[in-house]
Amino acid sequence: MTGAADPTLHTAALAALETALKRALDLAPESKNELARLEDCVFALHCTAPSFEIYLHPGEQGIRLAGVHTGPITTSVRGEASDFTELATSNDPTATLINGGLELEGDSAPLIELQQILATLNMDWEAPLVATLGDVPGHQLAQMLRSAFAWGRQASASLSRQLDEFIHEEARLSPPRLEVEDFYRDVHELELRVDRLQSRTERLRQRLQMLRG
Amino acid sequence: MSEKDTTHFGYKEVDKDAKAGLVGEVFHSVAARYDVMNDLMSGGIHRIWKRFTIELSGVRKNNAVLDIAGGTGDLAARFAELVGPEGRVVLADINDSMLRVGRDKLLDQGRQRTIEFVQADAQYLPFPDDSFDCITIAFGLRNVTDIDLALRSMLRVLKPGGRLLVLEFSKPGNPLLSKAYDTYSFRVLPLMGRLIANDSDSYQYLAESIRKHPDQDTLLGMMEDAGFCQCEFHNMTGGIVALHRGIKA
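Chains P and X are the protein sequences, given in the same order. Here this note's numbering is used: position 97 in the first sequence is 97, and no number is missing along the way. Here this note's numbering is used: position 62 in the second sequence is 62, and no number is missing along the way.
Simulated from the structure, these hints should not be mistaken for laboratory data. This structure is a prediction, so every number in the text was calculated from the model and none was measured. Cβ coordinates follow ideal geometry from the N, Cα and C atoms, glycine included. Hints are supplied without guarantee of correctness; some may be wrong.
Just a sample of chain P residues kept apart from chain X, beta carbon distances all over 10 Å, derived [said to hold, decoys possible]:
{"no.": "1", "residue": "Glu30"}
{"no.": "2", "residue": "Phe52"}
{"no.": "3", "residue": "Gly79"}
{"no.": "4", "residue": "Ala157"}
{"no.": "5", "residue": "Glu165"}
{"no.": "6", "residue": "Glu170"}
{"no.": "7", "residue": "Leu173"}
{"no.": "8", "residue": "Pro175"}
{"no.": "9", "residue": "Leu190"}
{"no.": "10", "residue": "Leu197"}
Restricting the straight-line Cα-Cα distance to at most 25 Å, the calculated cross-link-like pairs of lysine-lysine (BS3-like) are [stated by the list, open to error]:
{"no.": "11", "chain 1": "X", "residue 1": "Lys105", "chain 2": "P", "residue 2": "Lys22"}
{"no.": "12", "chain 1": "P", "residue 1": "Lys22", "chain 2": "X", "residue 2": "Lys50"}
{"no.": "13", "chain 1": "X", "residue 1": "Lys61", "chain 2": "P", "residue 2": "Lys22"}
{"no.": "14", "chain 1": "X", "residue 1": "Lys159", "chain 2": "X", "residue 2": "Lys61"}
{"no.": "15", "chain 1": "X", "residue 1": "Lys61", "chain 2": "X", "residue 2": "Lys105"}
{"no.": "16", "chain 1": "X", "residue 1": "Lys171", "chain 2": "X", "residue 2": "Lys19"}
{"no.": "17", "chain 1": "X", "residue 1": "Lys61", "chain 2": "X", "residue 2": "Lys50"}
{"no.": "18", "chain 1": "X", "residue 1": "Lys16", "chain 2": "X", "residue 2": "Lys212"}
{"no.": "19", "chain 1": "X", "residue 1": "Lys50", "chain 2": "X", "residue 2": "Lys159"}
Construct all of the structure, not just a fragment, from the sequences and the given hints.
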């Protein structure tokens, strides 16, 4: 007998999430083709807060989500929901996996590949718009959306760059990355020197005691 | 007539040899509107129950799967995707009307190459020993005349290490839910059957057959007695439905 919680809600939530993911991937055929390369991989996400488990089975049809899996797992990741969000939105997933709060077991390369496919999902809105509105208005609306998204991405990147520059250079609210790295290097060097000095002092103290004794 | 020669058909006591025919009549009657009625009666939740069954089945590429009482082929269609072109999926049903509806639906979906259709009695499965990696029976076991005989037959055709999954209506644990469920089953279901399928008797039988079906622990014991090991069950939607799983050693 099992004492596990009623799986109905969890299964329903996964079904809804899988449908949403499928719709998004249907609009991004290139990403779907890339997912086919990960067909034999199974990714296990163990979330500790809130507590739940999801198994991802990528394939040429999209990504199948399951709450239960029996069999080999390619990559298993354990952590809190905030850690998973950080990984999902990270520009540098490798650094996030190394420095973040996630525990990883298995092969990290397929997981990074999956993260990059999902993070760079390039959805083509034209097909459903043309199917709904007709050729000419659908195409024109898709062009407008594409321009708006491109402008939005450019504006966001530019804003981020300018904000970075303002914080570091204009307002001097935070030191630039290179300066911080130099500082840490100096601190590390100092720590090593102190250690060496402490060893030398200890040696001299022992020699002095021997001479006295 | 001795007690041993009778069995239940809903709340009626009938001759054992007559039950299959009576159940057959019910399913001949509901086959054409089976999917619509399932969605209406369960509010679509039967899809979630079946989805969890597929998750727990552990079916993967190249597996051989038997879906008994497969009806209109919901599970078989999903299994066909999971096992791939090198795998094998058999949709079996004792009722030719249900099998025909399922076969037409799946052929319309272009699955004729991956799914075999077999008219078979769960008590006497027409397959060699050790044939399947997984067997499922969803909302079918309570209609079988001799459940013990059917379980032993399923054990025989499973490969060692193979899984049996029984998805079936069961007993809700919460008394309030149980009362609401009773009201729904005996008042709303026959009414829906009369209004939508023009057949209240079949849906009355559905409600009665659920009440006569063994509860979670009894069915678990029956699976163990039949020879399955590592038997367990998962209650779903408060125990309205339970998914039992057993493994052939």
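Structure-based check of each hint:
Separation of glutamate 30 of chain P from chain X is adequate, the least Cβ-Cβ distance of about 22 Å exceeding the 10 Å criterion. Non-interface call for phenylalanine 52 of chain P relative to chain X: holds, since the shortest CB-CB distance, roughly 14 Å, exceeds 10 Å. Separation of glycine 79 of chain P from chain X is adequate, the least Cβ-Cβ distance of about 23 Å exceeding the 10 Å criterion. The claim that alanine 157 of chain P is not at the interface with chain X holds, since no C-beta of that chain comes within 10 Å of its own (minimum 40 Å).
Interface exclusion of glutamate 165 of chain P from chain X stands, the closest Cβ pair being 50 Å apart, more than 10 Å. Its beta-carbon lying about 55 Å from the closest one in chain X, glutamate 170 of chain P satisfies the requirement of being farther than 10 Å from that chain. Once the 10 Å rule is applied to beta carbons, leucine 173 of chain P is consistent with being away from chain X; the minimum gap is 50 Å. Residue-level check passed: proline 175 of chain P sits 51 Å from the nearest beta carbon of chain X, beyond 10 Å.
Against chain X, the non-interface label of leucine 190 of chain P holds: every CB pair exceeds 10 Å, the least being about 56 Å. Its beta-carbon lying about 62 Å from the closest one in chain X, leucine 197 of chain P satisfies the requirement of being farther than 10 Å from that chain. The suggested pairing of lysine 105 of chain X with lysine 22 of chain P holds, with an alpha-carbon distance near 23 Å, which does not exceed 25 Å. Distance check on the hinted pair: lysine 22 of chain P and lysine 50 of chain X sit about 19 Å apart at the alpha-carbon level, within 25 Å; holds.
Under the criterion of a C-alpha separation no larger than 25 Å, the hint pairing lysine 61 of chain X with lysine 22 of chain P is consistent with the structure, at around 21 Å. A distance of roughly 16 Å separates the Cα atoms of lysine 159 of chain X and lysine 61 of chain X; the hinted pair therefore holds under the 25 Å criterion. With a C-alpha separation of about 23 Å, the suggested pairing of lysine 61 of chain X with lysine 105 of chain X holds against the 25 Å cut-off. Restraint check: the Cα-Cα separation between lysine 171 of chain X and lysine 19 of chain X comes to about 23 Å, which is no more than 25 Å; the hinted pair holds.
The hinted pair formed by lysine 61 of chain X and lysine 50 of chain X meets the criterion: a straight-line CA distance of about 19 Å does not exceed 25 Å. For the proposed pair lysine 16 of chain X and lysine 212 of chain X, the alpha carbon gap of about 15 Å is at most 25 Å, so the pair holds. A threshold of 25 Å between alpha carbons decides the hint, and for lysine 50 of chain X with lysine 159 of chain X the separation of about 23 Å falls inside it, so the pair holds.
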